[in-house]
Amino acid sequence: MGKTSLVQRFVRSIFSEKYHTTIGVKIDQKELTVNDVEVTLLLWDIHGEDDFMKIKPTYLIGSSGYFLVADGTRSDTYETAIKLHEMTSSVTKNAAFILLVNKADLKDSWEITDAQLDTLKEQGWQIMFTSAKTGENVENAFAQLTKKMLQNQQYV
Amino acid sequence: MKEKDQTNTTEKLSADQLQELRELVTGLDKLSLQRMQKLMADPHEFAIEISELLPFSIRKLIEKGSINMADLLPFFEDMIQESIEKNPQRLANLLFPIMGPAIRKAVSEDLKRLIDSLNQGLESGLSPKHLKWRFQALFSSKSYVEIMLSHAYLYQVKHVFLIHRDTALLLHHEKAGHVLDIEADMIASMLSAITDFAKDSFHSDEQDAVDSIKIGDTNLWVEQGPHAIIAAVVEGNPPPDLRIELKEALEAVHYNHRPELLNFEGETEIFEHTSKFLKPCLIKEKKEKGKKPPLFALMLLVIVLIGLGFWIYQSIQTHHTYAAATELFSSESGYYLTKTERQNGKLRIFGLKDDYAIEPSKLLESKQLSADQFEFVLRPFVSMDSMIIIRRAEAILTPPETVSFAFEKGILQVSGHCKAEWKVSLEQHFNKVWGVHSLDTNQLTITDKPVRDLSWIIGDIMKYKFVFDVNVLEMTEDQSDQFYKLTQTANLLDEFNRLNNKQYKILVQSVTSKAGNEAANLRIATMRAQTFLELLKEAGVPKNLLETRVINTEELVEPEEVRSVSFVVEEK
Chain S
41 MGKTSLVQRF VRSIFSEKYH TTIGVKIDQK ELTVNDVEVT LLLWDIHGED
91 DFMKIKPTYL IGSSGYFLVA DGTRSDTYET AIKLHEMTSS VTKNAAFILL
141 VNKADLKDSW EITDAQLDTL KEQGWQIMFT SAKTGENVEN AFAQLTKKML
191 QNQQYV
Chain D
501 MKEKDQTNTT EKLSADQLQE LRELVTGLDK LSLQRMQKLM ADPHEFAIEI
551 SELLPFSIRK LIEKGSINMA DLLPFFEDMI QESIEKNPQR LANLLFPIMG
601 PAIRKAVSED LKRLIDSLNQ GLESGLSPKH LKWRFQALFS SKSYVEIMLS
651 HAYLYQVKHV FLIHRDTALL LHHEKAGHVL DIEADMIASM LSAITDFAKD
701 SFHSDEQDAV DSIKIGDTNL WVEQGPHAII AAVVEGNPPP DLRIELKEAL
751 EAVHYNHRPE LLNFEGETEI FEHTSKFLKP CLIKEKKEKG KKPPLFALML
801 LVIVLIGLGF WIYQSIQTHH TYAAATELFS SESGYYLTKT ERQNGKLRIF
851 GLKDDYAIEP SKLLESKQLS ADQFEFVLRP FVSMDSMIII RRAEAILTPP
901 ETVSFAFEKG ILQVSGHCKA EWKVSLEQHF NKVWGVHSLD TNQLTITDKP
951 VRDLSWIIGD IMKYKFVFDV NVLEMTEDQS DQFYKLTQTA NLLDEFNRLN
1001 NKQYKILVQS VTSKAGNEAA NLRIATMRAQ TFLELLKEAG VPKNLLETRV
1051 INTEELVEPE EVRSVSFVVE EK
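Protein chains in written order, with our numbering: chain S, 41 to 196; chain D, 501 to 1072.
One chain only, chain S, in its complex shape:
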């Protein structure tokens, strides 16, 4: 879904991509300041491709927040994102999340429709449009998710 390339330019990483294909996860770090609070995020970039069944629930337990990344040009990723959310929310304690619809630079070619996204919004989902190619909205996405996580922990 391009999530790795989406975040790679914005995070600090010491581990190579091969961790994805070996143990299925790669840890990166992101430091940012939200509402004058300095936060260090440890990102578990979970390798799952489109088959969410391969994702080990153990990697999700204990997380405070997560991004669901869908490819705007592929409608099937919309369904996968929903299923992933169902699985993740079942093993986390009220973790914050944001759906990132990637390839915002190719919006004309999108298969995911506004109606589909509206449905999710009605269910309380926060949705942001990003582009791994241009970096559009990526920093903002991290800031938004962090803000939500801090809200959950009543820091803000």
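Among the hints, erroneous ones may be present.
Claimed, not checked - Think about it this way: if two alpha-carbon atoms lie no more than 30 Å apart in a straight line, the pair counts; the simulated DSBU-like pairs of lysine-lysine are:
| no. | chain 1 | residue 1 | chain 2 | residue 2 |
| --- | --- | --- | --- | --- |
| 1 | D | K919 | D | K1002 |
| 2 | D | K605 | S | K70 |
| 3 | S | K96 | D | K747 |
| 4 | D | K675 | S | K70 |
| 5 | S | K58 | D | K699 |
| 6 | D | K586 | S | K133 |
Calculated from the structure, these hints are not laboratory results.
Got chain S sorted already, so can you dock chain D onto it with the hints?
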């Protein structure tokens, strides 16, 4: 009517009066009564009130014997059983801080016994390495097994991570002083991910977990607690004791920070205090080794020095032995050394040796040198050394003990005393001795009679003549004296023959005349000759040296007195 009056009276009592009445009946004031009412009305409050008294009451009842502990046991057992059946993890979490030490104590007791028996078993280990450790144990206060284990493990704990179990976030990190900084947060999470991955992939049991990962010389040791994990990065080969250190640190963290671990939401400052538990885990064995005096190295050095000293001593001894032997054979008469060389731990001596030189083994023995250290390659030669010439002369001339030789400038000087016979032999054979050109016998004394020369002997024998009267056969007194002297000289001739290997004989010549009866004269002359021959034989002259001859006067070339006996010496 009476009952009705009483009812009316009650109804007429005011609230205050009723209150006063209650206080009188119960003996409690208003506030106390209100408190009692509240307690009765609110079970929660009542329970709180009772809870303060209940433990005390129970204790008193037990002391009084009203409650028997044995009666209570089934209740507690049922409670614990139900709790375990309902949620075993909860009880495990509660017991975790005390279970560890208790189990370790029991295990350590068993291990101690095991190590003691192991110690005895290993006492028989006799490899060089084990002997070395045994020496160290002998000179230190440590047991043999301790020494053995300390040599088996050489390691250093470089990092210790305290990781929150649920979130996989790093709570605290400690590293060894000289170790470079690392991205501890990410590494801690990755460690957690790896252990989770391994657990998910290979174990389904919740209790199982990865406890060690080995990458070349680096080990990752993980200890799992209910709420936190300790991971230690160890370089080298750590001993099992390190795991106990990690367990104790983890238990201490749980004991002191249980609420913080349970309510962890990302704030790690509070866990700075765990530093005091984690730092003791940064063990390195080299440090301990450094404190110990290098006994083995010192012993090895001493052994090497002793060995070196012994080798030097042996070399010097050998050198002295070889030098002494070389000097001995160089100066000894009858030897001529051409070269010496060392080969196969022996000194090979090349040269020449006279037959009359002392044998090498006897020479070495005389200087208390072992013949095993030498090998001789000697060719024969004739030495002109004075000592050897004297020895050669002694061998050839066989002098009596009373005679001694000296040699100088080709002259054999003979001194002492001997018989004339040996002197004659000396004069005849001295020139057979190599190196002797002439004799000097001025210091040699003859102890027996002088040896006469042949001409004197012949002349002396031939001067005797015995003339007899007619028909007389016996010698006169004068003639007997003469005959004795003759026998003396005749014996000298015999001696001369023996010494010179000659065959000179004495011819007893009896002369007669033709006057009268010729035949009778001849008979008498023969008898006279035979009589002298017998007398000479009796005097010791060998028979084979004697011969008789009878001569008629007419046969004589020179006129001889008739009726006489004379002597002629001839060579056979």
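Evaluated hints:
1. A threshold of 30 Å between alpha carbons decides the hint, and for D/K919 with D/K1002 the separation of about 20 Å falls inside it, so the pair holds.
2. Our distance criterion of 30 Å between C-alpha atoms is broken by D/K605 and S/K70, whose separation comes to about 45 Å.
3. Only pairs whose Cα atoms come within 30 Å are accepted, and S/K96 paired with D/K747 is accepted, the gap being roughly 28 Å.
4. Between D/K675 and S/K70 the alpha-carbon distance is near 23 Å, which keeps this suggested pair within the 30 Å criterion.
5. The suggested pairing of S/K58 with D/K699 holds, with an alpha-carbon distance near 20 Å, which does not exceed 30 Å.
6. Pair hint D/K586 plus S/K133 holds up; C-alpha atoms about 23 Å apart against a cutoff of 30 Å.
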